[in-house]
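As given, the protein sequences belong to chains L and G, one line each in that order.
Just so we're aligned: the first sequence equals residues 49 to 372 in our numbering.
Just so we're aligned: the second sequence equals residues 3 to 260 in our numbering.
Think of the hints as simulated: they come from the structure by calculation, not from any bench.
Mixed in with the good hints there might be a few duds.
To be verified - Using C-beta positions, here's what the derived DEER-type ranges look like:
1. L/Arg236 <-> G/Thr4: 32 to 40 Å
2. L/Gly194 <-> G/Leu135: 52 to 60 Å
3. L/Glu257 <-> G/Leu249: 47 to 55 Å
4. L/Gly121 <-> G/Arg11: 29 to 37 Å
5. G/Arg15 <-> L/Thr182: 17 to 25 Å
6. L/Arg236 <-> G/Gly91: 22 to 30 Å
7. G/Ile33 <-> L/Gly121: 34 to 42 Å
8. L/Pro94 <-> G/Phe6: 37 to 45 Å
9. G/Gly91 <-> L/Asp177: 47 to 55 Å
10. G/Leu120 <-> L/Glu167: 26 to 34 Å
11. L/Gly121 <-> G/Arg15: 52 to 60 Å
12. G/Gly91 <-> L/Gly242: 26 to 34 Å
Since the structure is predicted, the reported quantities are computational estimates derived from the model, not experimental observations.
Idealized CB from N, CA, C, for every residue including glycine.
If you want the building blocks of each chain, they are given just below.
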Amino acid sequence: MADAQARGRPVIQVRDLEKRYRDGTYAVRGVSFDVHRGEIFGLLGPNGAGKTTTMHVLGTLHRATGGAARILGHDVAHQPHAIRRRIGFAMQDVGIDDLATAEEMLVFHARLHGIRGREARRRAAELLDTFDLTKHRKRRVTAFSGGMQRRLDLAVSLIHDPDVLFLDEPTTGLDPHSREDLWATLRRLRDERGLTVLMSTHYMDEADELCDRIAIIQDGRIAAIDTPRHLKRNVGADTIQVELGAHPDDWQKTVLREGFRGAPVRLRDGTLELRVQDGGESLLPALRVVDRAGLSVRSTRVLSPTLNDAFLKYTGKRLEEDEP
Amino acid sequence: MTVFGQLYRRNLRQMPRIPAVLVFGIVMPIIQLLLFGSVFSNTVDIPGHPLFGTDTSYYTFIAPAIILLTAVIGMANSSAAFIVDLRTGYFDKLRTTPASPSGVILARLMAEMTRVFLQGVLIMGLAVAIGGLPETGLLGAFLILLAAVVFGTMTTGMAVMILAMKTRSDQATQAMFPLFFLLLFMSTAFMPENLLPDWLATIASFNPVDYMIQGLRGLMIDGWSNALVDLAIGLGLGAAVGFVLVLVNVRVYRRILG
Ligand SMILES: Nc1ncnc2c1ncn2[C@@H]1O[C@H](COP(=O)(O)OP(=O)(O)OP(=O)(O)O)[C@@H](O)[C@H]1O
Ligand SMILES: [Mg+2]
Numbered sequence: 049m050a051d052a053q054a055r056g057r058p059v060i061q062v063r064d065l066e067k068r069y070r071d072g073t074y075a076v077r078g079v080s081f082d083v084h085r086g087e088i089f090g091l092l093g094p095n096g097a098g099k100t101t102t103m104h105v106l107g108t109l110h111r112a113t114g115g116a117a118r119i120l121g122h123d124v125a126h127q128p129h130a131i132r133r134r135i136g137f138a139m140q141d142v143g144i145d146d147l148a149t150a151e152e153m154l155v156f157h158a159r160l161h162g163i164r165g166r167e168a169r170r171r172a173a174e175l176l177d178t179f180d181l182t183k184h185r186k187r188r189v190t191a192f193s194g195g196m197q198r199r200l201d202l203a204v205s206l207i208h209d210p211d212v213l214f215l216d217e218p219t220t221g222l223d224p225h226s227r228e229d230l231w232a233t234l235r236r237l238r239d240e241r242g243l244t245v246l247m248s249t250h251y252m253d254e255a256d257e258l259c260d261r262i263a264i265i266q267d268g269r270i271a272a273i274d275t276p277r278h279l280k281r282n283v284g285a286d287t288i289q290v291e292l293g294a295h296p297d298d299w300q301k302t303v304l305r306e307g308f309r310g311a312p313v314r315l316r317d318g319t320l321e322l323r324v325q326d327g328g329e330s331l332l333p334a335l336r337v338v339d340r341a342g343l344s345v346r347s348t349r350v351l352s353p354t355l356n357d358a359f360l361k362y363t364g365k366r367l368e369e370d371e372p
Numbered sequence: 003m004t005v006f007g008q009l010y011r012r013n014l015r016q017m018p019r020i021p022a023v024l025v026f027g028i029v030m031p032i033i034q035l036l037l038f039g040s041v042f043s044n045t046v047d048i049p050g051h052p053l054f055g056t057d058t059s060y061y062t063f064i065a066p067a068i069i070l071l072t073a074v075i076g077m078a079n080s081s082a083a084f085i086v087d088l089r090t091g092y093f094d095k096l097r098t099t100p101a102s103p104s105g106v107i108l109a110r111l112m113a114e115m116t117r118v119f120l121q122g123v124l125i126m127g128l129a130v131a132i133g134g135l136p137e138t139g140l141l142g143a144f145l146i147l148l149a150a151v152v153f154g155t156m157t158t159g160m161a162v163m164i165l166a167m168k169t170r171s172d173q174a175t176q177a178m179f180p181l182f183f184l185l186l187f188m189s190t191a192f193m194p195e196n197l198l199p200d201w202l203a204t205i206a207s208f209n210p211v212d213y214m215i216q217g218l219r220g221l222m223i224d225g226w227s228n229a230l231v232d233l234a235i236g237l238g239l240g241a242a243v244g245f246v247l248v249l250v251n252v253r254v255y256r257r258i259l260g
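Sequences and hints are given; from them, build the entire structure.
Printed below as a string of C-alpha cells:
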C-alpha cells in the first residue's frame, strides 16, 4: 500500500465495473483493479471471460452498466474526449484503413491528434522503422499480411505518444521474432516515457515475461491479481529431481534420509524427488547430501509451478496444454 | 486543419481508389444524359410539349433530372466506403481517437456530397456544351447542383447511413435503388406533365422528387420566379424526410455504442 501511494494516483482505476450488453449477456460482473504509471498490466482469461469488454469500456468504446472507472483521472463515462486524446488502443481485430498506405495512415492519425507536417512524418518514419515496415511504407495496407497489418495497427496506436496503451491480444498472429520486438518496444517505452499498458493475452509466457502484474479473469470476475511470481508461488513448492548414477544401498538411503531431515523426499525409478520452497536455492545443498552419500549424479532438474498451474488453481481450467 | 478537415481530406483521397466510384461516378451520369437525351429527344416534336417549336435542346430539358438522379443515386452509394470502414474495424479504431463519431459520419457525408457535386458539374458542363447556359445563368447552374446534392443527402444519404450501421451490408442499400427509379419515373423527369397519363400525373403531384425536378428545370429553362417555389416545396419535403432519418440515425448509433 505504501508502495502504491509512493507512485501517486493510479493511471487506471476500476471500481466494481459491470457491463451487461443489450441482449442480456452479463459480460463483466464487478471488476476492480488499479494500474500504476509505468506498469504493464495483463488480463489473462479464457475466451468469453470479459477481457475485451472490460478494455472497451475503459477505452470509452462501450458504456458501463455499473461501477466506475477513471483513466488518468478522467471518468470514462463523462470525459471520453479527454481520455481519447491520451490513449492508444489496438483492438483484438485490427482496425486499418483499407484504402490507405501504411505511411498515409500513420500521418493521418498523427494529424488527428494535432501533430502537424514534418513532426507527423518524422514520427511515422520512426514507427515504421520500429515495427519493421519501412520498406512497405508506400504500399496499400490491403496488400499486407496479417502480421504486418497487426504491426501497423500497433504503430498507429503509438503515433501520438500516448500515456496509456490498451492492447487486446497484441501478439496474436505475430511471428516469434515480431513478438519479441513488440515486447522490447513496450519495455523501452515503459522505461523511457513511463508508458502504462493494459493488455490481454492468451499466452502464458507473454503474461509471465512481459507483465508486471496479472489479473486472472473468468466469467466476468477477477479470480486473482498479483505479480506472475507471486501467483506461481501461491500454487505451491518447487520440485528438485536428481537422477542418481546408481541405485542407493541401505546405508546410502540412511545418509540421504538424515541429510534431508524429514523434508518431503521420495525415490522413484532411481530419481530422487524433493519438494522445496525455492528450487534454485536448495539445489546445491541437496546435491551436497547426495555427494556425501557417495552417489553420482546423472542429471538434475528444478521444476517450478507455471502460470498455467496458477491459472488452473484459480479457475479450475487450463488455458494452455502443458508441454510434454 | 481541424480533426473534421483531416477526416474530410482522408475521405476525398480514398475516392479515386475505389474503382466503382470512378466508373459509376463519371461514366454513368454521362451515359445517362446522352442515352436518355437521345432516346426521348423526339418527344419535343409532340405538339403540347413545352419545348415544341422552341429551339431549346431536349438535353437542357432533361439535364436537371439526370443531375437529380445522379445526386440521389450517388448519395445512396455514399455508404459504400462507410461500410468498408465499419467492416474493417477502422470505424471503431477512429472511435478511440479524438475524432468524434458524429464528426466521422459528417465528414463522410461531406466528402460524398463533394463527389456528387463534381459529378453534377460534369453533367451540367455537358448539357451547357450541347444546349447552352441555363436561363438563370451560372448562379442558377450552381443552385441546381447544390439543391440536387442537398436533396440527395437529406433523403437517400441519410437513409443508407442507417442501413449501413444496422446491416453493415452493401446489399441492403442496393435494395433501395429500384425505389429511386420508381420515384423518378413517376415524375415529370422525362415527360412534361401534360403528356403523362392522368394516373401518373396524379401520382407525380404527390411525389417530392417531382417538385424538385420542376424546380430545377424551372431554373434551367424558365427563370427564377416560379422555379423557386417548387424548389422550396421539394427541399422542404426532403428536409422533413431528412429530419426523421437523422433521428433514426442517432437512435441506431446509440444502440451500436451499447
Ligand atoms: N457486442 C456484444 N453483444 C453481446 N454480447 C457480447 C458482445 N461482445 C461480447 N459479448 C459477450 O460478452 C462475453 C465476454 O466477451 P469478451 O469479448 O469480453 O470476452 P474475451 O475475454 O475478450 O474473450 P476472447 O478471449 O475470446 O477475446 C461473451 O460471453 C460474449 O459472448
Ligand atoms: Mg477478447
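Each hint, compared with the structure:
1. L/Arg236 <-> G/Thr4: 32 to 40 Å: With Cβ atoms ~33 Å apart, the hint holds.
2. L/Gly194 <-> G/Leu135: 52 to 60 Å: holds (55 Å)
3. L/Glu257 <-> G/Leu249: 47 to 55 Å: holds (52 Å)
4. L/Gly121 <-> G/Arg11: 29 to 37 Å: Roughly 33 Å apart at Cβ, these two residues keep to the hinted range, so it holds.
5. G/Arg15 <-> L/Thr182: 17 to 25 Å: holds (22 Å)
6. L/Arg236 <-> G/Gly91: 22 to 30 Å: The hinted range 22 to 30 Å holds for L/Arg236 and G/Gly91, with Cβ atoms some 27 Å apart.
7. G/Ile33 <-> L/Gly121: 34 to 42 Å: violated (59 Å)
8. L/Pro94 <-> G/Phe6: 37 to 45 Å: holds (42 Å)
9. G/Gly91 <-> L/Asp177: 47 to 55 Å: Check failed, 25 Å falls outside 47 to 55 Å.
10. G/Leu120 <-> L/Glu167: 26 to 34 Å: The hinted range 26 to 34 Å holds for G/Leu120 and L/Glu167, with Cβ atoms some 33 Å apart.
11. L/Gly121 <-> G/Arg15: 52 to 60 Å: violated (37 Å)
12. G/Gly91 <-> L/Gly242: 26 to 34 Å: Between G/Gly91 and L/Gly242, where Cβ atoms are some 29 Å apart, the hint holds.
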